[in-house]
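Undergrad: Here's the letter readout for the chains.
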Amino acid sequence: MIDFQPTDEQQLVIDTVRDFAANEIRPKARECDESKQVPEKVITLAHELGLVANALPESAGGGGERSAVTGVLVAEELAVGDLGIALAILSPGLCAYPIAEFGTEEQKKGLAHYAGPRFAPGSLAWVEPRFDSDPFRPQTTARRDGNEYVLDGAKCFVPWLEGTDTVLVVAAQDGVPQAFLVSRTAAGLGAEPERNMGVLALPTAELTLSGVRVPASARLGGDAGADLRRVLNQGRVALAAMAVGVARAAFETARDYAKERQVFGVPVATKQAIAFKLADMAIEIDAARLLAWEAAWKLDRGEDTTREALLAKRQSQRVALEVADGAVQVFGGHGYIRDYLPEMHLRNARGFTCFEALALV
Amino acid sequence: MIDFQPTDEQQLVIDTVRDFAANEIRPKARECDESKQVPEKVITLAHELGLVANALPESAGGGGERSAVTGVLVAEELAVGDLGIALAILSPGLCAYPIAEFGTEEQKKGLAHYAGPRFAPGSLAWVEPRFDSDPFRPQTTARRDGNEYVLDGAKCFVPWLEGTDTVLVVAAQDGVPQAFLVSRTAAGLGAEPERNMGVLALPTAELTLSGVRVPASARLGGDAGADLRRVLNQGRVALAAMAVGVARAAFETARDYAKERQVFGVPVATKQAIAFKLADMAIEIDAARLLAWEAAWKLDRGEDTTREALLAKRQSQRVALEVADGAVQVFGGHGYIRDYLPEMHLRNARGFTCFEALALV
Amino acid sequence: MAISFDANPGTISGRDEMHDIAVNHMRPWSRKYDVQEHDMPWEFVNPMWDRATGKGGLKLDGGPGDGMVTVCVQTEELCWGDAGLYLRSPSPLLGGSAVAAAGTPEQREKFLSPFRTGKPKWGAMAITEPQAGSDAANIQTTAVLDDDTNEWVLNGTKIFCTAGDAALSHDGGFVVVWATVDKSAGRGGIKSFVVTAGTKGIKVVGCEKKLGIRASDTATLVLENCRIPYNHLLGKAEVKKADDSKGDKGFKGAMATFDASRPIVAAMAVGVGRAALDFVKEELTRQGVTIRYDSPPTQQTAIERDVIDMEAELQAARLLTWRAAKMIDRGQRNNLEASMAKAKAGLAVTKITQKAVELLGPLGYSQKLLVEKWMRDAKINDIYEGTQQINQLIVARRILDYSSSVLR
Amino acid sequence: MAISFDANPGTISGRDEMHDIAVNHMRPWSRKYDVQEHDMPWEFVNPMWDRATGKGGLKLDGGPGDGMVTVCVQTEELCWGDAGLYLRSPSPLLGGSAVAAAGTPEQREKFLSPFRTGKPKWGAMAITEPQAGSDAANIQTTAVLDDDTNEWVLNGTKIFCTAGDAALSHDGGFVVVWATVDKSAGRGGIKSFVVTAGTKGIKVVGCEKKLGIRASDTATLVLENCRIPYNHLLGKAEVKKADDSKGDKGFKGAMATFDASRPIVAAMAVGVGRAALDFVKEELTRQGVTIRYDSPPTQQTAIERDVIDMEAELQAARLLTWRAAKMIDRGQRNNLEASMAKAKAGLAVTKITQKAVELLGPLGYSQKLLVEKWMRDAKINDIYEGTQQINQLIVARRILDYSSSVLR
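Residue numbers (the numbering used here), protein chains in the order written: chain Y, 2 to 362; chain A, 2 to 362; chain G, 30 to 437; chain C, 30 to 437.
Keep in mind that a hint or two might mislead.
[Claimed, not checked] Simulated pairs of lysine to any residue, SDA-like, Cα-Cα distance not exceeding 25 Å:
| # | chain 1 | residue 1 | chain 2 | residue 2 |
| --- | --- | --- | --- | --- |
| 1 | C | Lys380 | A | Glu323 |
| 2 | Y | Lys37 | C | Arg60 |
| 3 | A | Lys260 | G | Arg334 |
| 4 | G | Lys380 | A | Thr17 |
The hints are simulated quantities; they were obtained by calculation from the structure and are not laboratory data.
Same shape as in the complex, but just chain Y (with noise of 0.2 Å):
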């Protein structure tokens, strides 16, 4: 049956994540974008509530549970209170989740790492440095030599927090892509430190694969290898979740200085002009968000979701960029000034056209 509520069980998990990010990740948020740092005990809090673990089979010492729909939930309520931390907390599913899905039973014995007590982070390299990068073409290439797989070329935004010591490199072999477990370690791989306009939080590096080799058993999936257009469509999901996160992040923040703010002895909150624009951010971020959750839904039943997964994902990237940035202009000059959110907003926002599965569901 059509239905939009979620079940108790979900309806839980969204109330503990809604407070976790209010209560812990909101008030890190500024001083992380400032610093360029990711808050290590936030993080550490985060992991203790299982959000990722519990979508990792129970063989791994998971929850068994995983779903793209309580995924997408989770993604925006974390993105609420902020996308790099948000990224941070998810990134051990960058790994686990594609082996979880596609791994072969060799690989699937890494997934304790990320089920574990500790936080372990993950790392993904999808998205390529240059101005064209295409997901369902990298122009990195995985090629066979013996029993091994020689990877070359270059990657941008690949989450690289500390403690990394794996990362799944997405390639193009014979011109399918297909993803490779890869050590931080690996000789032939650089790894440079990236400053990007927004989502400051996560720390990101930039990849350079000159002749890296990796065994055949590192190829994601062994001889099956992986359904690589699943694992971007989980990736556009939870990005479009979290857009959803970050706008409503911005229109709260927005709303809430519009109710307060004085100007000509009312709240501006009073002004039509101002009030319309609020309840346009309200109406999209609302319609973005069912976006998401279809797709993620069609994700569930495990079918193809490449064209719900696009409406999702542009339709809340371009969500996430107008409110943010009418929220910068409700706030007028305070809009401008990094003592306020909304600027981050904005930034952050800005990064959605060109990400690529920096979270999976």
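For chain Y, the structure is supplied; the task is to place chains A, G and C on it using the hints.
TA: Here is chains A, G and C on its own, set in the frame of chain Y:
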């Protein structure tokens, strides 16, 4: 020197045409839209203003003052009155301007017809009845056969006023667009009256050309041919100005209504949601006008204006649509009914994206 | 309960049934009744009435808890067929919603049961007045109780009454008229009354010539000492004097009808928008233009991006619509969500149909195809049942927690 | 006079000179002073000052009747170089505009002549207050005349004072401070005063950390019994009691400064937007992507359309800017046109730079290029000198002929 002030002569023309549009054209706009007829008397009166004749060579009895800048000033003012009637009034230029600019001496003899005391409608066949009609690459063809050209293809949005005797048909000759003077009665030429969403006051036809034969001397410019790209750009600049005119008509109508219409005890124009919408309209109209002026000014310098004409037309057709749509919203329920003008402005405005060369400057 | 986009079998069969009507009894007559404005489209009305009243009847319920969602799905389908004809459906329409929402069981039986039998009939709702516009609280039509006869006496003029002419000119039809029983009470004095076809003192003085939905009769009604029985009042006669910022239960109750009707209007919009988008995609396919959902960034065409954005906007509007409808099925208050759906759908579909005309070039602008008609039809959804601006206002008040006196 | 888009030779040479500065003295330091927020960019300031004060000086006039147009053209060029550095130009800036507009010849000589010699100095204007925002009429800073010393005594706090730190910390600089001499007179009591560098009682308590234009110091100033000579008042001391709907000549005079400064701000916006658009086009060309202005409708790429629309929007903003500037040169009132230019340029350039980041994909988002910085810099133009919304409001009042009390 950079300047935005028409000459005194131009200002006189503007004032004259503005009065004419308000007093003669506008009052007929609704009636002509409903009856799908052009108002003969208005056309005759307009002809007496000499708007087209002034731009024709003195040798043909014209005023010898062809100026694209003057042309856009006139085109906008006429279109404020009504788009369909404006196009009818300017239709002699569809044949006369290209002949005056590119015609052979023999062809120029025909100019007196358009500059004479009696209104003589012109017609130019450019657009083609397919979804991807491409003005730079017509699919209608002209093939040389002995001392004749043979024309094959189809055209639409061809102004087809009572009394039209010659239509200038654009066809690709060896891949290059050229224009051919074709008699209304030519064998193989079929003309079906059209019914479109808007611009109903202007009679238009869909033409079919099946082996239409014209003498070699019917090619515009004879052996030298004509610069059809320039003619297209003249059309785009004219249409840009007319789109500005339609937008201005819609804006002025909406502004006046908003000041009068009382809702919740005050004029709706005092509501920010309406007032800001009107402000945006005013800004966009002025901006689009200046783009049209600049393109016209460049045409008058004889330079290639493909880029500027495209920019001006794109901008003004977008503005016309948005402003007309906004005017319907300002009118609320009344915007949807045919007792008021905004719904007509909306229908007319929507046409510009597919219009080409319905008027020239 | 769980988040799901899986329609009930009943919803799907209801949709399919409507699709059949749309294809066979609406599309063939679309252009005819666009041209023959206001003529009664019997080619559509008769089969529609037969289905509604025949054995098996129209399934208007998708299964437990999915009634309003199914209505929206079916409405979309019919308006995919033709929004103008849909509005001429022989049914109680908005008048029926008002009776169902505010009427007693006896009133429901009395006014709605004729719609199950006999000849085609229509219902309508009359709210708007020449000077009131969006301001429903400013209604000037009066209803005075004649104690001698225990009749209400109505006087006033109503405009923009959809199906008002059909409702009053066919036996068994009715119009729900909003009127004030006490102007000094402001909104508190506003009540709704059922005026049945054949009642003396009400007459249709004309139908609007419109941009689109020309098959629909948009009537102007004049009530001159129009007398109706006491029990044609929907709800209670009692007037609650309301101060401006709270109270108003009666008026709010009346306005609540909109919470139920706005998702339906949104669904209508989605139907028209889908008609245009479906056609554009089919036409592009026929012309050999493919829409890729995974095109390389530098090679994506402008058309591809347009179509993808149209799809996203249409689906966004549809999902907001279903959500607002689902809340009704759950018995939840959906005032905010209904206005969100209406505002989004009206605007999205205005843009989608305008873009559809553009994408088809000269063909889109021609009356040879229906795309230009869909653009004209679609625009009504941005206007009636509260304009875009009114619905934005409602949303703004809700999200800001402002009353109508603070934010207006 | 005739419609013309042909710049005077003087305008062109002025533009070229600024372009040279932009290329050689701004671009090389753009990233450095984006990172080293608020540091004084001597690499730019020194050569800029040398040019301004050196032989030949900066040509700030394009020829007869084209002065302000030339200023706009030059401003565009410098902000094409770097908007943050531009705002740190050693010049009187907005403070200079105020003195030029409202000062006596003696005041102009006194405050502006130091800018022709010696060491680099700055001017600034201080209007905004913590609680006033867009509401310039609500200024709380007071100016009281001490009859004994014939000095004005200023008290209050000013925020968002561009170049306020530079102006007060370098000899010969000054800040024009808006203050009220009579709160009961409302707008009529608001006057502007020149406070020179070194004056006691005024201090910079901090500079804002901002999204962009980080080379620019946006100061918070506190005035505590700040005493200035009587003749540092710009304009007349007399207070015209103004009823709300008319009068206000004094305040209007002060606000008129904006009519002159808004075209310049619009030109700044155009400069930043052009920087981004130029770069995108060059990068696309380098990558082998061509922008066709005559592409077949079905083959136009999404990128082509984006770039074409960006070009149209930028040129639209530029032409509105020049028009508003030209009216100043003609001595025409340009209140409406200045706000149009500012509103359009701020918004257009916000969108153009945001789109530029998107079109360059991951490269656009990276700090390796300047595009992301231009997006951050551009946004200020939608905010200061009246936000988008304030300028829309001004335009609305003018086109509707409504006073600020009717439409607010």
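Undergrad: Hint by hint, say whether it matches the structure.
TA: Going down the list of hints, with the structure as the test:
The straight-line distance between the Cα atoms of C/Lys380 and A/Glu323 is roughly 18 Å, inside the 25 Å bound, and the hint therefore holds. The straight-line distance between the Cα atoms of Y/Lys37 and C/Arg60 is roughly 18 Å, inside the 25 Å bound, and the hint therefore holds. Between A/Lys260 and G/Arg334, the direct Cα distance comes to roughly 39 Å. Violation of the 25 Å bound is thereby established for this hinted pair. Distance hint between G/Lys380 and A/Thr17 is unfulfilled; the C-alpha atoms sit about 37 Å from each other, more than 25 Å.
Consistency with the previously given hints fails for numbers 3 and 4, ordered from lowest to highest.
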